[in-house]
Amino acid sequence: MKRRIYLDHAATTPLLECARMALLDGFVHWANPSSPHAAGREARALLEAARRRIAAALDWDGEVLFTSGASEALAIAIGRSTSDSVLAGATEHDAVLRHVPPSQRLEVDTGGHVLLPDDLAPGTLVVVQHVNSETGVIQPLDAIAELIHAAGAYLLADCSQSAGKMPLPRGADMIALSAHKLGGPIGIGALLVRDLKRLRPSGGQEQGYRAGTEAMPLACGFAAALAASRGWLTDAADWRAMMDNAIIRAGGEVVAGGVPRLCTIGSYRMPGVSAQAQLIRFDMAGIAVSAGSACSSGSLRTSHVLAAMGWSESAASQVVRVSIGHDSRATDIDGFLVQWQAMATGTR
Amino acid sequence: MIYLDYQATTALAPEVAAAMTAAMDHYGNPNSAHRIGRIAAADVELARDRVMTALGRGDGRLIFTSGATEALNTAILGTARSAPADRRRVVTLATEHAAVLDTVLSLRHEGFEPVILPVERDGLVDMDVAEAAIDERAALLAVMQVNNEIGVIQPVAQLGAIARRCGVPVICDAVQGFGRLAVPEADMIAITAHKIHGPKGVGALWLREGLDIPPLMHGGGQEGGLRPGTLAPMLCTGFGVAAQLATERREADMAHVEALWARARDLFADWRLNGSDEQRYHGNLNIRRGGLDAARLLSQLRTIALSLGSACASGTGRPSHVLRAIGLKDEEARGALRIGFGRYTTMDELEQAVALINEAAAIQRVAA
Numbered sequence: 000m001k002r003r004i005y006l007d008h009a010a011t012t013p014l015l016e017c018a019r020m021a022l023l024d025g026f027v028h029w030a031n032p033s034s035p036h037a038a039g040r041e042a043r044a045l046l047e048a049a050r051r052r053i054a055a056a057l058d059w060d061g062e063v064l065f066t067s068g069a070s071e072a073l074a075i076a077i078g079r080s081t082s083d084s085v086l087a088g089a090t091e092h093d094a095v096l097r098h099v100p101p102s103q104r105l106e107v108d109t110g111g112h113v114l115l116p117d118d119l120a121p122g123t124l125v126v127v128q129h130v131n132s133e134t135g136v137i138q139p140l141d142a143i144a145e146l147i148h149a150a151g152a153y154l155l156a157d158c159s160q161s162a163g164k165m166p167l168p169r170g171a172d173m174i175a176l177s178a179h180k181l182g183g184p185i186g187i188g189a190l191l192v193r194d195l196k197r198l199r200p201s202g203g204q205e206q207g208y209r210a211g212t213e214a215m216p217l218a219c220g221f222a223a224a225l226a227a228s229r230g231w232l233t234d235a236a237d238w239r240a241m242m243d244n245a246i247i248r249a250g251g252e253v254v255a256g257g258v259p260r261l262c263t264i265g266s267y268r269m270p271g272v273s274a275q276a277q278l279i280r281f282d283m284a285g286i287a288v289s290a291g292s293a294c295s296s297g298s299l300r301t302s303h304v305l306a307a308m309g310w311s312e313s314a315a316s317q318v319v320r321v322s323i324g325h326d327s328r329a330t331d332i333d334g335f336l337v338q339w340q341a342m343a344t345g346t347r
Numbered sequence: 045m046i047y048l049d050y051q052a053t054t055a056l057a058p059e060v061a062a063a064m065t066a067a068m069d070h071y072g073n074p075n076s077a078h079r080i081g082r083i084a085a086a087d088v089e090l091a092r093d094r095v096m097t098a099l100g101r102g103d104g105r106l107i108f109t110s111g112a113t114e115a116l117n118t119a120i121l122g123t124a125r126s127a128p129a130d131r132r133r134v135v136t137l138a139t140e141h142a143a144v145l146d147t148v149l150s151l152r153h154e155g156f157e158p159v160i161l162p163v164e165r166d167g168l169v170d171m172d173v174a175e176a177a178i179d180e181r182a183a184l185l186a187v188m189q190v191n192n193e194i195g196v197i198q199p200v201a202q203l204g205a206i207a208r209r210c211g212v213p214v215i216c217d218a219v220q221g222f223g224r225l226a227v228p229e230a231d232m233i234a235i236t237a238h239k240i241h242g243p244k245g246v247g248a249l250w251l252r253e254g255l256d257i258p259p260l261m262h263g264g265g266q267e268g269g270l271r272p273g274t275l276a277p278m279l280c281t282g283f284g285v286a287a288q289l290a291t292e293r294r295e296a297d298m299a300h301v302e303a304l305w306a307r308a309r310d311l312f313a314d315w316r317l318n319g320s321d322e323q324r325y326h327g328n329l330n331i332r333r334g335g336l337d338a339a340r341l342l343s344q345l346r347t348i349a350l351s352l353g354s355a356c357a358s359g360t361g362r363p364s365h366v367l368r369a370i371g372l373k374d375e376e377a378r379g380a381l382r383i384g385f386g387r388y389t390t391m392d393e394l395e396q397a398v399a400l401i402n403e404a405a406a407i408q409r410v411a412a
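Residue numbers (my numbering), protein chains in the order written: chain A, 0 to 347; chain B, 45 to 412.
Chain B on its own, in the form it takes in the complex (with noise of 0.2 Å):
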C-alpha cells in the first residue's frame, strides 16, 4: 500500500510510538495531588513546553484537547458567547473545514450572522471582500492556514491586520501547517497530534496571553476550567514528541516534500492543478483532468491510498464544499484527486503510484 493521503492523518512516527509505549507506565491521573499523580502530570507539562516549542510561542497558554475539532469548538463558541452585545457577525472562508464551518453555521441559532468570504479561484480570499467585510460589527475571524483539500496558503496576517484593527479576534485552524510552516499571528490556534505523526485523539488550543473564553464543557475543572476530563499523559506525550519530531526535521521533511511535488508535477503534466501553485503547501496535490471519474478510479487503485477530499466528508457523494467554492462545476470537481505526501513517502512510491494513476485515468479515457 502507497500512502499518498497526508491530509487525512499521518502515520505514528516510531519515535512517538517508543516514547508512548514508555508512557504506558505512568499510569496516574495528572490532577491526583499523590506522587504517582504528579509524575503523570510532570509528562503533561513536558509535552505542553514541547508542542509551545514547535508552535514558537513562548507566552499565553495552551490547553490540551480531544483534537482539532473539539479546540476549534472551543475557541469558536467560546468567543462568539463572551463577545460584546453589538458584535454579533461571525466571520469565516468558504473554504474551511467542516469543523470551523457547521460550527460558526451553527451559531445562527444564538443569534449570531454568519458571514462567509468566497474566495477567488485560486483558492485565496480577496482581500477586498475581507477588508469590506470584518469591521467592528464581528465577534471573531476564523481562517485556516493550509487547506486540507488544495493546501492553499491563506494570507493569515493580512487578514488579521484587518482584524485586529477592528478589534476582532482571529482564530486560526493551523491543523495542517503545525510542524511544517511558520505558525501565523492569531489570537487563538488549533491544532492536532495526528497530522504531525502524533496519535489520533490529542489536540490543543493554544490561546494569547490576557484572553479568557468560557468552556466548552463542564467537569473537575482540569485546564485551566476551560476544558474538563481527565488529561492522557501517553497522548499528551505522544504529541510532545511528534511536535519537537516536527521541528527538528522540518527543513529536511520541506525539502523532502518540495522534491516529491517537483517530480509529482512533471509526471501529473497533463493534469490541472486546483488551486494556487505558489501560494500553497507543497505536500499537498490536488488535481483534475476533464471528463474524468475520480471516484471511479480511486476504487480501481487497490494499492494506493489517496482520496477525493477531506475524510470526514468521504462517503457521502457530496461534491468538495471546497472545489465548488474556488469555482469547479459538479463535472469539474468529479475528476479531482487529492494526493498528499511527507515524511515517509519515497521517490520511488510516488513514481509507481502516479504511474499507476495515469494508466488508470488513460484507460477511463479510452473506455469513454
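Isolated chain A (complex conformation) (with noise of 0.2 Å):
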C-alpha cells in the first residue's frame, strides 16, 4: 500500500515510540495518586517524577501545574488571572481569544508579530504565542517580556507549538503547554507559573489551582516526550527551505516568508485555487495537510490570523498549512511538492 503522507504535525503529531512505553508503564499503576495507601503513594512518586522531568527538559525553576491540555491552561490562566486587565495579540489561538474581547486585542504587523503598547497598564496580563499554530511566526518573546515586565506588567506565553522544538523564552510569566502538539499523548497540558500569585486557587488537586483525579500515565507519556531526541529537526529545516524555494519557484507565495518561523511549519499560497479544493485533492491523493488549525478546519472559515496580518480574504482563502513531524521523510515532502505543482500548474 502507498504510504499515505501527513504533514499535519501542527494540528497533532503521532506518538512517539518513548511516550508509548511511558503510557503503558503508567497504565500499570492506576491507583488515585491522592490515596494515602502505598499503591496510592507509588502513583503520587511516579506523578511528581514526571513533573520534575518535564520542568528539567524545558530548564524550568517554577510550578508545573498539570490540566488536559492547552485549552485548560490557558482558561486557568486568564480565568483566573489575578491581574485586572487582560490584553492578547491579534493572532493568538482561540483557545486564548475567546476569553478576550476584541477591544483587548493587540495589532499585528505585516509579519505576524505583536504590536505593544506604549501605555501598557501595569499589572496587565498580555497573551502572546511563541509560535503560531498557523503560520509558524516566531514572536522574539524574550524583548517581548523585557518590554512588558519594564511596563510591570506579566506575560502569558502560549508555547503548544514551541515547546520541545525551540527552548521556552525566558522571561515568560506563565506558560502553556500541550503534550500531543510534541509526540505525547492528548489529553494533557501543563501550565507553568512563576508564581502562583498571579492565579486565583480552586480546586483540591495540583496545589489547590485544579480540581480532579490526576491522570499519571498520560503525565509521563508527557514527560517521556519531552526528553526524546529532536535530530529530526535540522531534517525538517532543510525541508521546509526546500518547499519555501520550490513553491516560489512553481508560482506560488509563502506566508511570512520573510521573518523567522518555526522550522517544522509552512503555509502557502496557491493562486487561484481555494483551500478547500486544495484540501480535498490533497486528501484523494492520500496527503493529510490543513487549512489553519484543525479546531476551525470544519468550518473553513477565514483565518483570523491572516486577516489581522493584512492579508485580503480571496487571498487567505487560498492558503494551506504544511507542517513537519518527527516521522516525516524526505519522500513525503517530494510527494506533496510534485502534488502541489501538479494542482497549480493544471489549473492556471
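Incorrect hints may have been included.
[Stated by the list, open to error] Over 12 Å on every C-beta distance to chain B, these chain A residues come out as not near it, computed from the model:
hint: 1; residue: Asp-60
hint: 2; residue: Leu-114
hint: 3; residue: Thr-233
hint: 4; residue: Gly-257
hint: 5; residue: Ser-316
[To be verified] Reference listing, derived: stretches of chain B covered by chain A, where coverage requires no fewer than 3 residues with Cβ under 8 Å from a Cβ of chain A:
hint: 6; segment: 49 to 56
hint: 7; segment: 74 to 80
hint: 8; segment: 111 to 124
hint: 9; segment: 136 to 149
hint: 10; segment: 277 to 291
Keep in mind the hints are simulated off the structure, nothing from the lab.
As the structure is a computational prediction, the values presented were derived from the model and not from experiment.
Just so you know, even glycine gets a beta-carbon here, dropped at the ideal spot from N, CA and C.
Assembling the complex is the task here: the two chains are given apart, and the hints tell you how they should meet.
The following block contains the structure:
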C-alpha cells in the first residue's frame, strides 16, 4: 500500500515510541495519586517524577501544574488571573481569543509580530503565543517579556507549538503547554507558573489550582516525549526551505516568508485555487495537510491570523498549512511538492 | 497488595488497555478534515455511542470532558449562569463530592445562594426538608446517585420529581453508580471512566435533549462549543470499551459484589456500619469502631490499600464532611474505614484483608 503522507503535525503528531512505552508503564500503576495507601503513593511518586522531568527538560524552575491540555491551561491562566486586565495578540489561538474581547486585542504587523502599546498599564496580563500555529511565525518573546516587565505587566506565553522544538522564552510569567503537539498523548498539558500569586486558587489537586483526579500515565507520556531526541528538526529545516523555494518557483507565495518561523510549519498560497479545493485533492492523493488550525478546519472560515496580518479574504482563502513532524520523510515532502505543482499548473 | 479502594479509582481492565494500545496508532486530530482526522473522529464517535448505550440514553447529547470534575463544573456553573434572574438558589446535599460542593459554594461570588440540604443518620436526604427547600427560586438541584464515601443511594427520582414540578433542572453525579446501577432520571449526568476500569483523564457530561448551557472554557469550538480542547481518541476509546464491558458484565459484577458484601458484613459483625444498609451500593463498606484510630490502622496495614474517605481529601487530616453530615462526632469519625471492592477482588483477598484489619484493630484495643 502506498504510504499516506501526513503533513499536519501542528494539528497533532503521532505518539513517540518512548511516550507509548511510558503510557503503557503508567497504565500498570493505576491507583489514584491522591490515595494515601502504598499503591496511591507509588502513583504519586511517578506523577511527581514526571513533573520534575518536564521542568528539567524545559529548564523551568517555577511551578508545573498539570491540566487536560493547553485550552484548559490558558483558561486557568486567563480566567483565574489576579491581574485586573488582559490583552492578547490578534493572531492568538481561539482558546485565548474567546476569553479576550476584540477591544483588548493587540494588532500585529504584516510579518505577524505583535505590537505592544506604549501605555501598557502595570499589572496587565499580556497573552502572546511563542509560535503561531498557522504560519509558524516566531514572536520575539524574550524582547517582548522585557518590555512587558518594564511596564510592570505580566506575560502569559502560549508555547503549545514551540515547546520541545525551541527553548522556552526566558521571561514568561506563565506558559501554557500541550503534550500532543510534541509527541506525547492527547488529554494532558500543563500551565507553568513562575509565581502562584498570579492565580486565584480553585480545586483540590495540583496545589489547589486544579480539580480532578490526576492522570498519571498521561503525565509520564508527556515527560517521556519531552525528553526525546530532536535530531529530526535539522531535516525539517532543510525540507521547509526546500518547500519554500519550490513553491515560490512554481508561482506560489510563502506566508510570512521574510520573518523567522518555526522550521516545522510552512503556510503556502496557491493563487487561484481555494484552500478547500486543495484540501480535497490533497486528501484524495493521500496527503493530509490543513487550512489553518484543526479546531476550525471543519468550518473552513477565513483565517483570523491572515486577516490580522493584512491579507485580503480572497488571498487568505487560498492558503494551506503544511507541518512536518518526527516521523516525516524526504519522500513525504517530495510527494507533497509533486501534487502542489501539478495542482498549481493544472489549474492555470 | 490487596486493593480495597474501589471508590477512589479502579484497575484498568485488560480489555480497555488493549483497546487503548490499538487506538494509539490512530493519531489524527478528530477535528481535522482529512482522512486521518476522520479515522480519529470515528474512534471518538464509536466511543460516544458506547457510553450513551451504557447510560441507557438514546436521546440528548454526550460531551467528553477531562473527567467528572470538569463535567460537574460545566453543568453547575453553566446551568446557574443561564438561569432566569429570579432563580438564585443553588440546591445540593451536604454529602456531595467536593467537585459539587465547592462549585456550588463558589457561586456565592456570582450572587447565588447555596442551599445545602442535610441528610439523616442513614445518609439519606430528608424528603420533607427537600420538599420545603426546592421551589421556584432554585436555579438547579445537584444530587449524587451513589455516595463515594458511604455508598448510600439517594432517592434521585423522588428529588427529581419535586424539582420538575418547580421547573428546576437536576444535575446528577452518577460517577459511582454508572455501569453498576440503572442511571436515574436527570437533566444532566456526570460520569468518569476511571471508576469503571477505564483510563484517567476522560469523563463525560450527558445533557437532556434541547438543553443548552454556556461553556466553562473557550477554545476551538469542539463538542458543540461546550467543551474546547482536542479530544483524545485513545482515552475516549478506553472509556467506550470500559462502559460496554460494565454493561455486559453488570449482572455478574453485581452478584460478585453482593457475595463479597455478605461475607464482609459477617466478618465485620462487631463493627458499626456508616450509612444505610439497604439503600446502598454494596461495593462500598464504610465501618467504624469506638476508640479506634483509623489513620494509625491504615498506616500499619501496609499490604492493603484502603482509605478513610475520599482520596481527594485524604492527607488533609480534616474529618470527613460526609461522616459529619450523618451525625458522627469527630471521635466516631476517626474510627471509620472506607473499604471498596468489585470486579477484580477475590473472596480470598477479602477474607485475608478482613483478618488483617480485625487483628490490627484488636491490637490497638489491647494497647489502649
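Index of numbered hints that the structure contradicts, given in increasing order: none
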